[in-house]
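Residue numbers (my numbering), protein chains in the order written: chain B, 1 to 252; chain F, 1 to 589.
Treat the hints as calculated values from the structure; they're not laboratory data. Treat the hints with care, since some could be wrong.
[Stated by the list, open to error] Cβ-Cβ distance ranges computed for the label pairs, FRET-style:
#1 B:H87 - F:P122: 13 to 23 Å
#2 B:R225 - F:P440: 32 to 42 Å
#3 F:R15 - B:L235: 34 to 44 Å
#4 F:A535 - B:H87: 29 to 39 Å
#5 B:N16 - F:T268: 29 to 39 Å
#6 B:H87 - F:Q20: 18 to 28 Å
#7 F:G35 - B:V171: 50 to 60 Å
Even glycine gets a Cβ: it sits at the ideal position worked out from N, Cα and C.
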Amino acid sequence: MSLAIETTQLARQFGNTLAVDGLNLRVPKGCFYGFLGPNGAGKSTTIKMLTGLLAPTGGSIRILGGEMSDPDVARETRRRIGVVPEHLGLYDNLTAREYLTFIGRMYLMPRDVIQDRTQQLLEVMGLQNEEKKLTLEFSHGMKKKLALAGALLPNPEMLFLDEPFEGVDAVSSRLLRDVLKRCISHGVTLFLTSHVLEIVEKLCTEVGIIARGRLVMQEPMDQIRASGSLEERFLSAVGSDHLEAQKLSWLE
Amino acid sequence: MNWQQLRAILWLRSRLSWNQLRKGGPLGFVMAVLGVVSGYMMALGASIGGFLAGWHLLGNASSSTLLITWDTLSFLFLFLWLMGLLAELQRSESLDMGRLLHLPIHLSQVFLFNYAASHLTPSLLMAAPGMVAIALGMTVARGPSFLLVIPLAVGFLLMITAWTYCLRGWLAALMVNQRRKRSILVGVTVAIVLLGQGPNLYMNLSRGGSQRHGGPGRAAGDFTQWLHTPGASAAHRYLPLLWLGQGVASLGEENLLPALLGAAGCWTLAGLGLRRAYRSALRFYTGDTGAGRVTAPPAETGETARPASPETEPGRTPGPRKPLLVEWELPWVPPDAGGLALASFRSMWRAPEMKLLLLSPLLMLMVFCAALFGSRTSARALPPEFLTLIPTALIMFLFLGMTQLLLNQFGLDRNAFRSLVLLPTPRDRLLLGKNLAFAPYALVPAALVLASLPLLIPVPLESCLAGLIQLPSLYLIVCILGNVCSIGVPFRVNPGSMKPTKQSAGTMLLLAGIHLGFPLVCIPIFIPPAAELLARHFGFPPLVPVNLLLSIPVLAAAILAYRATLPPLGRWLQRREKEVLIRVTHEVE
Numbered sequence: 001m002s003l004a005i006e007t008t009q010l011a012r013q014f015g016n017t018l019a020v021d022g023l024n025l026r027v028p029k030g031c032f033y034g035f036l037g038p039n040g041a042g043k044s045t046t047i048k049m050l051t052g053l054l055a056p057t058g059g060s061i062r063i064l065g066g067e068m069s070d071p072d073v074a075r076e077t078r079r080r081i082g083v084v085p086e087h088l089g090l091y092d093n094l095t096a097r098e099y100l101t102f103i104g105r106m107y108l109m110p111r112d113v114i115q116d117r118t119q120q121l122l123e124v125m126g127l128q129n130e131e132k133k134l135t136l137e138f139s140h141g142m143k144k145k146l147a148l149a150g151a152l153l154p155n156p157e158m159l160f161l162d163e164p165f166e167g168v169d170a171v172s173s174r175l176l177r178d179v180l181k182r183c184i185s186h187g188v189t190l191f192l193t194s195h196v197l198e199i200v201e202k203l204c205t206e207v208g209i210i211a212r213g214r215l216v217m218q219e220p221m222d223q224i225r226a227s228g229s230l231e232e233r234f235l236s237a238v239g240s241d242h243l244e245a246q247k248l249s250w251l252e
Numbered sequence: 001m002n003w004q005q006l007r008a009i010l011w012l013r014s015r016l017s018w019n020q021l022r023k024g025g026p027l028g029f030v031m032a033v034l035g036v037v038s039g040y041m042m043a044l045g046a047s048i049g050g051f052l053a054g055w056h057l058l059g060n061a062s063s064s065t066l067l068i069t070w071d072t073l074s075f076l077f078l079f080l081w082l083m084g085l086l087a088e089l090q091r092s093e094s095l096d097m098g099r100l101l102h103l104p105i106h107l108s109q110v111f112l113f114n115y116a117a118s119h120l121t122p123s124l125l126m127a128a129p130g131m132v133a134i135a136l137g138m139t140v141a142r143g144p145s146f147l148l149v150i151p152l153a154v155g156f157l158l159m160i161t162a163w164t165y166c167l168r169g170w171l172a173a174l175m176v177n178q179r180r181k182r183s184i185l186v187g188v189t190v191a192i193v194l195l196g197q198g199p200n201l202y203m204n205l206s207r208g209g210s211q212r213h214g215g216p217g218r219a220a221g222d223f224t225q226w227l228h229t230p231g232a233s234a235a236h237r238y239l240p241l242l243w244l245g246q247g248v249a250s251l252g253e254e255n256l257l258p259a260l261l262g263a264a265g266c267w268t269l270a271g272l273g274l275r276r277a278y279r280s281a282l283r284f285y286t287g288d289t290g291a292g293r294v295t296a297p298p299a300e301t302g303e304t305a306r307p308a309s310p311e312t313e314p315g316r317t318p319g320p321r322k323p324l325l326v327e328w329e330l331p332w333v334p335p336d337a338g339g340l341a342l343a344s345f346r347s348m349w350r351a352p353e354m355k356l357l358l359l360s361p362l363l364m365l366m367v368f369c370a371a372l373f374g375s376r377t378s379a380r381a382l383p384p385e386f387l388t389l390i391p392t393a394l395i396m397f398l399f400l401g402m403t404q405l406l407l408n409q410f411g412l413d414r415n416a417f418r419s420l421v422l423l424p425t426p427r428d429r430l431l432l433g434k435n436l437a438f439a440p441y442a443l444v445p446a447a448l449v450l451a452s453l454p455l456l457i458p459v460p461l462e463s464c465l466a467g468l469i470q471l472p473s474l475y476l477i478v479c480i481l482g483n484v485c486s487i488g489v490p491f492r493v494n495p496g497s498m499k500p501t502k503q504s505a506g507t508m509l510l511l512a513g514i515h516l517g518f519p520l521v522c523i524p525i526f527i528p529p530a531a532e533l534l535a536r537h538f539g540f541p542p543l544v545p546v547n548l549l550l551s552i553p554v555l556a557a558a559i560l561a562y563r564a565t566l567p568p569l570g571r572w573l574q575r576r577e578k579e580v581l582i583r584v585t586h587e588v589e
């Protein structure tokens, strides 16, 4: 099986806190991988390390076969991946078209290709009527769509999406899901972190669950469905805190 | 709010301050303590100095002297206060009322707490104890009636602070609209700078020669004469900003009524200002920002009420689109570096802080030039050696204003630096693109100033031409320094301003050192004019333009040095980009 992501004993420490502790991820090419975990489990830290936004303190990362500890290899690998980070890295003072043109130029794409793809992406994302608006005037959902458009523009082999559905309304969420489904049908590998279990259950083909910095479960979605719901598996994997009846009795 | 709530609020503020101090590290802690101690020292110095001045200098002063003194004190305070206001233009309250709206406390108390905290500024730390101490000194020297100056001065200060607090709230409400915010920031800043520098410019330019010949004594004489005109009397009677001076002067004539009325008026206006500020603060936090109209949030789907553009109307063929600036090709520049240069240039062009940064050195330059060369005749009186050095010195002066930006090139990107880290572009090209983006901002205004210099003062033309060659030389040298600092000691900058956020004490000291040592960086461009002066001194023929000729090899050396440093600095950026990202995108509490 050819792997899109392979990490070995990946670790990241912040002071005395071990945010990610010996993570061994195996993500096959062409799959839609949902990376789940409770708050503070290490999801964002992991995706930042995978995309080169944060340096690991231990272990190794291979993305699309490239060893990411080698800066030159990492830079070349970035040509083949697209990223929608949690805190979107948009230029506040550019319009959507200007931002996409800038991204295209940085990927050394031909001018006519940039123009065609930009136009199509703006139309698909419903941003074509916002020519005059700067991104700082965009709503959160519009910013997410623009960031996804920027990630898709160079036609990447792999997409990293950190909480793409957070703060997005139902209409935009549906649009994003449709775009991601189309990516999968074209063989793009998708790595997604989300709190929304329903979306992961609907879209993903593989699921990994992280808790307290360690990978506690990694299974194909079909297998999870066969043994119950994703929610049940998630809660049993991370350990839920049940509300004890005798506590907070004054609430009655 | 009861006592328990007040204690909780005070604890919250102290805890927030303490945590912020702790994060700043030991050096930051020491600097903060030094800041507090120097604040107390300033207040103590103003008190002692004010008391002695009130007792000895104003003890037997005439009514006119009292009027001039207190008018000057009022305007001095107003000027310093406005300068401070400029730094804190955006709403930055001690405690964010928005986070307390849902709690069962009376917000007027929190508002008053914030208002009181807004008084902890250097200008007020000097003005309030200073004015009270002068009043006490005058009381000792002239009698108890001068105790009335204390409520009058305090009322005056409260009136100013209350209405500026109200103005801040009003501006913050206006700035909810992000585009309007930019215009307001630039407009208010320029207005305040012009307000502060206006009298200076007026004195130097329109009255330049005569003032200089007459000296400050003559200026004071003119002002005293003006004070006895009916217009001045009316102004002192009806303008609240002049009530303090008027009240004290009338006390000097043993007339208590104007002082009493002035104090009552100041306190009333202060109360009205606070009342208005509180109401606008409440409206701001509850979202009523448009005089009854609630601003609609941006449409989530992007489908706004705006009519469809002709390009999107069905049945119409879209016409050829005008190429965007970011699509242009820059000759001899790699396409990715060119793309970054144009996108960064475009982005900065729309940033209000850039406009401010461009305007500030030009305004300062105007004041500087007006002070030095109020007229061509006074400039002609300068020695010719000095005139040869002026273009080079001007370049240094203009670049000094730009260093704030060039030494922290990624700081202005803030979160957008994340997209640069994610790019596959070689890092030396990122540096090249960034340096090219800043070039028009640094070079064009300086070139314009140099080109117009011979029209203003009798500078030798060849010195100006040499200056035009020295300009790119210094830019390249500053770019090398800027690249090193941008990678080595980056820091986050507040959106809409150039105010650093959570800059470590070490970074602060290092950058201050670089600013102080900036003339050393400029030494290479001073070599050609210095050589020319030496050549003239040793009798070299004046027809040979030494300055101009030597500027060319200096430029060549600067280009070679820049080219040689770009690849290693690019590799350094690649190694440090994650650290830079953490620094420039660090979230604010």
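Consistency of the hints with the structure:
At roughly 35 Å, the beta carbons of B:H87 and F:P122 sit outside the given window of 13 to 23 Å. Taken as a hint, the range 32 to 42 Å is violated for the pair B:R225 and F:P440, whose Cβ atoms sit roughly 59 Å apart. Take F:R15 and B:L235: their Cβ atoms lie about 35 Å apart, and the range 34 to 44 Å holds. The hinted window of 29 to 39 Å between F:A535 and B:H87 is violated, with their beta carbons roughly 58 Å apart.
For B:N16 and F:T268, the hinted distance range of 29 to 39 Å is not satisfied, since their beta carbons lie about 58 Å from each other. For B:H87 and F:Q20, the Cβ-Cβ distance of about 22 Å falls inside the hinted range of 18 to 28 Å, so the restraint holds. Between F:G35 and B:V171 the CB atoms are about 51 Å apart, so this pair conforms to the stated range of 50 to 60 Å.
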